[in-house]
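A.B. asks: All the letters of the sequence shown, read from the start, carry residue numbers -24 to -1, 1 to 797 under mature numbering (1 follows the signal peptide of the UniProt record, and there is no 0).
No lab work stands behind these hints: they were computed from the structure.
The beta-carbon is built from N, C-alpha and C at its ideal position, and this holds for glycine as well.
Fair warning: there could be bad hints in the mix.
[As the list claims (entries may be wrong)] If you anchor each label on the Cβ, the simulated ranges turn out as follows:
(1) Ala356 / His512: 53 to 63 Å
(2) Gly361 / Asp213: 50 to 60 Å
(3) Glu221 / Arg323: 35 to 45 Å
(4) Ser377 / Ala498: 53 to 63 Å
(5) Asn417 / Ala530: 38 to 48 Å
(6) Gly138 / Glu81: 24 to 34 Å
(7) Glu221 / Gly138: 42 to 52 Å
(8) Asp659 / Ser464: 53 to 63 Å
(9) Ala498 / Pro405: 39 to 49 Å
(10) Ser518 / Asp659: 33 to 43 Å
(11) Glu672 / Ala497: 41 to 51 Å
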Amino acid sequence: MAARWRGSAALALWLAAVASLASAARAGRLGASVGSAAPAASGRALLQTAEDCSRAVPNCDECIYVRAAAGFTRTQCTRCAWGYASRQDGFACWCAPGFFLNGTEHNCDPCGAGYWCPGADDVGEESGAAHNWCGFHKTTYTERAKTEHDCVVEAGYGWATGNGSEICDYGFFNVGGNNRACVECHGNLITERQGSTSPQECVAPPGYFYLSSRAAECAQGTYKDVAGNWDCDECPDGTTTKFGEVAKNSSTDCTYLRPGYGAPAGLTPGSFSATICPADTYRTGEGFYSTESGLPCEPCPDGTHTYTGRVGATSQDLCLAMPGWGWNSNGTASVCSKGTYSAGWNREPCTSCGEGSITTKTSGAYTPDQCFLPAGHGTARSSNGLVLTGAPCTVGSFGRSAPTYGLVDVECSKCQEHTTTDGEASTGPEACLTFPGYGFNDGSVGLCGFGTYAPGHSHARCKECGNGFGFNTTNGGGDTQPIEGADSPNDCVIASGWTGDGTGGLKPCPRGTFKSALGPAACQDCPTGTTTTLMHAAKEPSDCDACVPGFGNAAINLELPSCVICESGKYAHGYVSGGKGCEPCPQIPYDYTGKMVSKRGASTPELCVAEFSGNGAENYLVWDFIAMSDDALAPHAANTAEDCQAACSGDGACQYYEFRDYEAAGARCRLRNKVAYSLVDVDDTSKSYVLFEVKEQMYVAYEAHPADATLLGEPLEAFDTRAAAEASCNGDGSCAGIMFIHTLGSRPWSTFKGSLWEGVTGKVRAVGESLNSWIAEPTGRAGVADAAFAVPPAAPQSPRRARIMGARLASLGAAPGGMAG
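Let the sequences and hints guide you as you build the complete structure.
C.D. replies: Following this line, the structure appears as structure tokens:
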């Protein structure tokens, strides 16, 4: 490597010199190109062509002209041909190092492998003919070796000067290509021949194996009979070498048997594999094999076995009791008796499951999980907590429904309160049955409540006495005190709030009634004007906690409930728990300031009407007045419509007033008075009467004036019945009322309408007791369906009535307080 480096360095120096000369040549050419008259004096040179260079200096590829000191020019080579080097300051090209002068052809040829050539010096060309041989068993890396240091030894030989290189001996090697002696193998490794060329030829000798670049002894039980870098061979199965001896180099050294192996007589050591001791046999320690006697395995003692059929046992200690067997003191084993167990594969006696009822199904149990406690039994532990004792669960408790396997604590569970069992060793909670008078309810047990019973000894719920049999008595007889915990259907009686329905069944007391006592008594009505907020089955007078519709009381005394009928001008919805007073009728629209009236006992504000249809001259009706005989009207001194309306309101007998603007003062106001101030029985066909309509389906009833038979309103139509007349009037927007004249024969009912007349205002006065007088006032008894409670159903408004009312309201909007004529 050093010689190679030195050759490379020389080549680099030579190339640098050539580059310098080339640079100088370029500088000379530059000087010539600019017409220098004296190149030598100026230091410039002229670059020549290759042909010129080769003629002037043989084997020169590039050259320049230089001026000599005497004033003439010479050719100087700047780059010699391949294999040549510049000598004598560039005036000659002779053999370069690594080349030699071939005398035959007079060329510079490569030195060749195994030779080294220093090349020509500056003295003469013939010095380049040197062609030196490296010597025996030596060579070079290159065919252009320059010095003796480029010579290296061949592989398998050791370096020596001159021709002294010799072949590497056994245990030595040389990879060649170096200047070193043969290298000795490390770690007692050897070679199998002379002239080894690689460390891989260093191998372990017989009896040894290769380990980390060294030879290691074959361990006991192995041998190696040849050299090589492989592992030692194992002795045949079950055999080994003598204890403590290593580095064996023959299979015949395998003269011992391993523990757990046996062999019969008559075999040759190293040529047979020992037989592994079968299950339930063993052989202890390494033993010398004798061809004459052999070396057999020993059987396990009675009842013992090797673990799960294991082979190759090496000691009698590996002969164990199987699962379900226990160890005996004499070194044998026997099956575990019933109630004991052994996990086995040990040398322990069988273990008892416990005391009492804990046992196993059969003998030979091998796990505590085979120990079981019978169903319906429980366990207790000894004071030290190590021994379990089983026993039947006592009466009133129960155990598990199936046997419990494993040595675990099992408690008997106490039956729920009010339940018990039929005997000992009961299983599961279903064995717990109820006491009489108790029943199950969603898993819990409770005393049968009022209206239920249970005979007991079951898992059933308490049975309902039946709808209405809400309570029980103590003995099923005449006792009226309710009890809980009844155990017989004979204890069932009719409950408070219920009564017989007349067909053998029961029904709840309807709303507005109650029943406190047990038994078949009838329901009682709530006090007059009161009812219950309960929809049915009220039990006490105090349940009468609300007023019926049309009656009021701001705060009901539940000890003495009472409500009074709502007077005219008031109403009450009823059914408010604790009571509520009657409320004033709400005012109608259009800023009406007069009073509101209603029939006594009104239940809704819809039953309220205004006393008059407007304030004074205002009129929200579809007519201005009702034509009638002046005989039916009495003059009044009022001079304004407001005063005239007030006069009618203040006169208890006034039915209707009429105000005429066109009359003289003192004659403008006229009042129509009742013929007789009494409620009118419209079903009395011996008298005549008038029903003035004041609201849809609401009429104020007055006895007719004798003159009405000939003149009252503008006639519309006659009818046979009041119902037919009502139906017609309700559907006719122009209808102002109905008249009954008892002397008219088959069609005594007739409808009439009002008249339109500018300057005349007539209004019917609504009085509470006269509103729909054929309907009786409510009685206040909650169980009676009073007609006054009902809101009159709205009749469809006729197209004519709608048109007239629309026109009337439009005219009122255009001229407030005036009447269209």
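A.B. asks: Give a verdict on every hint.
C.D. replies: Hint check:
1. Ala356 / His512: 53 to 63 Å: For histidine 512 against alanine 356, whose Cβ atoms are near 59 Å apart, the range 53 to 63 Å holds.
2. Gly361 / Asp213: 50 to 60 Å: holds (53 Å)
3. Glu221 / Arg323: 35 to 45 Å: holds (36 Å)
4. Ser377 / Ala498: 53 to 63 Å: Roughly 55 Å apart at Cβ, these two residues keep to the hinted range, so it holds.
5. Asn417 / Ala530: 38 to 48 Å: This hint holds: roughly 44 Å between Cβ atoms.
6. Gly138 / Glu81: 24 to 34 Å: holds (31 Å)
7. Glu221 / Gly138: 42 to 52 Å: holds (51 Å)
8. Asp659 / Ser464: 53 to 63 Å: Holds, at about 59 Å.
9. Ala498 / Pro405: 39 to 49 Å: holds (47 Å)
10. Ser518 / Asp659: 33 to 43 Å: holds (41 Å)
11. Glu672 / Ala497: 41 to 51 Å: For alanine 497 against glutamate 672, whose Cβ atoms are near 46 Å apart, the range 41 to 51 Å holds.
The structure is consistent with each of the numbered hints, conforming to all of them.
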